[in-house]
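Engineer: Chains as they are written, first to last, in the UniProt record's numbering: chain B, 1 to 86; chain C, 1 to 395; chain H, 1 to 187; chain F, 1 to 301.
If you're looking for bench data, these hints aren't it; they were derived computationally from the structure. All values derive from a computational prediction rather than experimental measurement. Nothing false has been slipped in among the hints.
In silico BS3-like links for lysine-lysine, alpha-carbon gap of 25 Å or less:
#1 B:K3 to C:K200
#2 C:K290 to H:K57
#3 F:K65 to F:K200
Sample of chain H residues with no beta-carbon within 12 Å of chain C, all distances over it, derived:
#4 G10
#5 G45
#6 G79
#7 S99
#8 P106
#9 P107
#10 F125
#11 L128
#12 S146
#13 E167
#14 F168
#15 T174
#16 N179
#17 K182
For each label pair, taking beta carbons as the anchor points, the in silico distance ranges come out as:
#18 H:G44 to C:H329: 42 to 48 Å
#19 B:I16 to F:K250: 39 to 45 Å
#20 C:N188 to H:M122: 51 to 57 Å
#21 B:V81 to F:E11: 28 to 34 Å
#22 B:E5 to F:T19: 21 to 27 Å
In this text, a Cβ means the ideal position worked out from N, Cα and C, and glycines have one as well.
Spelled out, the chains give:
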Amino acid sequence: MTKTEFICAIGKELNIINTGDWKVYPPVIQQDKCKKCGICLMYCPTKSVKIIDGKFFIKLDYCKGCGVCVHECPAKAIEFVKGEQL
Amino acid sequence: MSNIRVLDGNHAAAIGAILAKPEIVAAYPITPQTPLVQHFSQYVADGVMDSTIIEPESEHSAMSVLTGASLAGARTFTATSSQGLALMYEPYFRVSTMRLPIVMNIVNREMISPQSVWGGPQDSLTIRDAGWIQIYVEDNQEILDMTIQAFKIAENKDVLLPINICYDGFYLSHMTEGVEVPMQEEVNSFLPKYIPTHVKLDPLTPMAVDPLTPGNYLQYYRELHMQAMDNAKRVIKEVNDEFAEKFGRNHFGLVEPYRMDDAEYVLVTLGSLTGSARVAVDLAREKGIKAGLIKIRALRPFPKDEVIELLKGRKAIGVIDRNISFGWHTGIVYQEIKSAISSLEAVPTVPFIGGLGGEDLTTELMVEALDKVMAVGESNQIENAAHWLINQKGR
Amino acid sequence: MKEIRIHGRGGQGAVTTSEIIVYAAVMDGKFGACFPYFGFEKKGGPVSAFVRIDERKIREKNQVYNPNCIMVIDPTLLGSVDVFVGAKEDSILVINAKSIDDIKIPPNITKVAYIDANKASMEIFGKLLPNTIVLGAFVKATDWVSFDKVSEKTREVWGPKNIAALEFGYNNVTIVEINGGKGDDKN
Amino acid sequence: MTIAEKMFSLEDMVGPGITACLGCNVELSMRTALQVMGPNTILAIPPGCMGGVQSVGWADKTGMKIPVFFPLLDNTASMLTGIKKYYERIGRDVNVVAFAGDGASMDAGFQALSGAAERGDNIIYICYDNEGYMNTGFQRSSSTSLGSWTTTTPVGTEGKGKKSNKKDMPMIMAMHDIPYMATASPAYMPDLIRKLEKAKTIKSGLVYIHIYNSCATGWGYESDRSIEIARKGVQSRFMPIYEVENGKFKLNVDVKNPIPLKDYLSSMKKYKHVSEEQISEIQEYVDKKWENLKIMCNSMG
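Throw the hints in and build the complete structure from the sequences for me.
Structural biologist: Structure, rendered in structure tokens:
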């Protein structure tokens, strides 16, 4: 039996699941094509799109590689980088 | 200081609960519990009672509302009967395993079919293993006193379990008798405010309640639950003693012995039927027969040690059950007693079943039961099949 | 222990009457317990209620099968309900009736208190509310509970007008001994 | 600030990794909803997809930065009522929110939800409607649409998918006379966010938000098309986006030139067997619903 500090089923510390491991290829935003419309950020199910210094980036830690951003980007600025299989 | 009022069982329960000041009350009306809900509504409407009353659309929701409220930190109260309890089973089991000290009176009523609205503890006994504390009471004073004590037992930090105060429908719920009602200040000093520390849904202290839990953790929680049940035995007695000292009424904690000192022939009872069994014991004593009885008050946790201590060395034992364990052909309390005393040298025991569906268990029937116990004790024959107690007078 | 069985019709206050008797007994310093017959009470249908009064705590939680006193609030019940069943030896009958000449009273009943509560009710209330009048007759005939406490509770639950009815019943009941006995003395 | 910038500025209340399927529309909707709800929120996630992906937590760890719990499948609204009533009693304003699937809302949990709506309990109830019991492998729910394949409405020599139409839950909830009812789609994100923000401001009763969520795994399409399918659902008038505030109906996405229903249906496997006859039957249903909704918007707008 695994003991916890609790007397009934509760959880306090945040559970971290490395869903970044799920992806086959990483999606990457090509900054020269990016129109900064923010659609990728709005539609990313894992909230992996970040804005740094006004530019959009995909943080790959928890990105599962679903491809929604690639499919939805109106500027076709996001591509799976196939050479970089993880 | 207290005052005597003339109350039916439901009214006594309502007043007991009101004195305990539950913050959230949610109950769905069902015969024979309905007047209890009506009393609450009226007391709130009259400004006498400062509880938030929620009128849920079912018993399932009644228990669910209380689950949420208790998780948020509220002291909570509800009541139900039979089919309502059955509908409530899903959240009922959950409340105990979440260790929420909810107090629920069960106004015991037969389970259908056939259609019946009358008294009998088949409803709550059937779900005795759902992790709640269950205490069965005999009269209206005990209803009121135990409804107050229930909160103190349930909320004890060594217990933290929900509790049922069970009383027979109609026999107690609709019986009117004199009841001593304690003063609010006295109850306040007996019963401190409930402050949960083990589980709480509050944005200031975020936590997950019931994450997906693998078996190795679940078993650990079950072990703690079992320990809490053991602790409850001690706490029920302590709360009883404190109550007795403060209010002058002793209800004997887990088991009440009656004329047991030198008793050879013993009846074991539960709930309101105890009264006529007491009379039968007195009548036997007048004839020089060493009769006695024990009233099981706490069915969960089951007072195994106390029962062994009280029943060892007796000549014969009869257990009166107003309920059935189908497939065992006895009542449920009988099985509990038999299990408890299995370590004792074999003593003849007789299972009795009667009083189902609101049939009276008259004094005459209790005399009949005691006669049977004596006969079995003398012949030293162990009976396995239940002896039915049939009330001819009512037919 | 005194056991009472009350017969009435749904809506006539038989159950409340039983509660008033228990209230009075408890406030007199005795013990009392009552409950209605566990059926579905329908307005106009026959109902009964059971009362026990004793000097010691009442333990039996059953119907009253062998009453020391039978109270009949509505005389028309005699045609449909065996109100006398199980009457104890030397028991008392308290009945709403003009006379008892036509009533077949069993030998176990040796004292009868009767009053024309219907007529009195029409005079007091202008409608048929015989229960408090019969209750007054009961108090007088049995002397098991105090008039003061019965009166106190009656006022609380039914209002002051009923006190006149209660008093009327108490003061005008006709009490007779029949079947050669003195009702309830042996019990 | 653009919507994207605004969303980026709001903290994600859900643990960084939850085990939702690739391209899950519901994960997107949940994360977005909780960003808008913010930290002063207590969340209920009944059994269903989002309960199954460790969003409540695992063992003795939590899946959220806010208090979160598993209600039963059928008591979400009632449990939230108990929580909300207690916080109202002690004078604390807390968002008490359900994020529940169509099974927990429209089937087993419907009674509790209807009861809470009728009582006027001030909870925010978000239903993510992916038209079936997806967590357990896509069994039919009352929200499954006519003709849809599910594991319990299979296609065979006799079976042609689900035999009855989708239950019109948004309209049913609107008819409870709650202060605010809205439908939404993750494909129409600014509209969804506005509705969630609106929900937070309502204090007079129950708020019901119905999010149409497509499901890559259950419905059978590539995960990258998740938003595309959701958008087609709206553009075919299959999933009308509207709101009802204090009895006033308003169509938020007026689809003037709908795409053919066939385009929507044929884009996923659950309809791959569907016949022309069935399509016209579904079309009839969709047209009728749309027409009724337009009437409501015109007469009760």
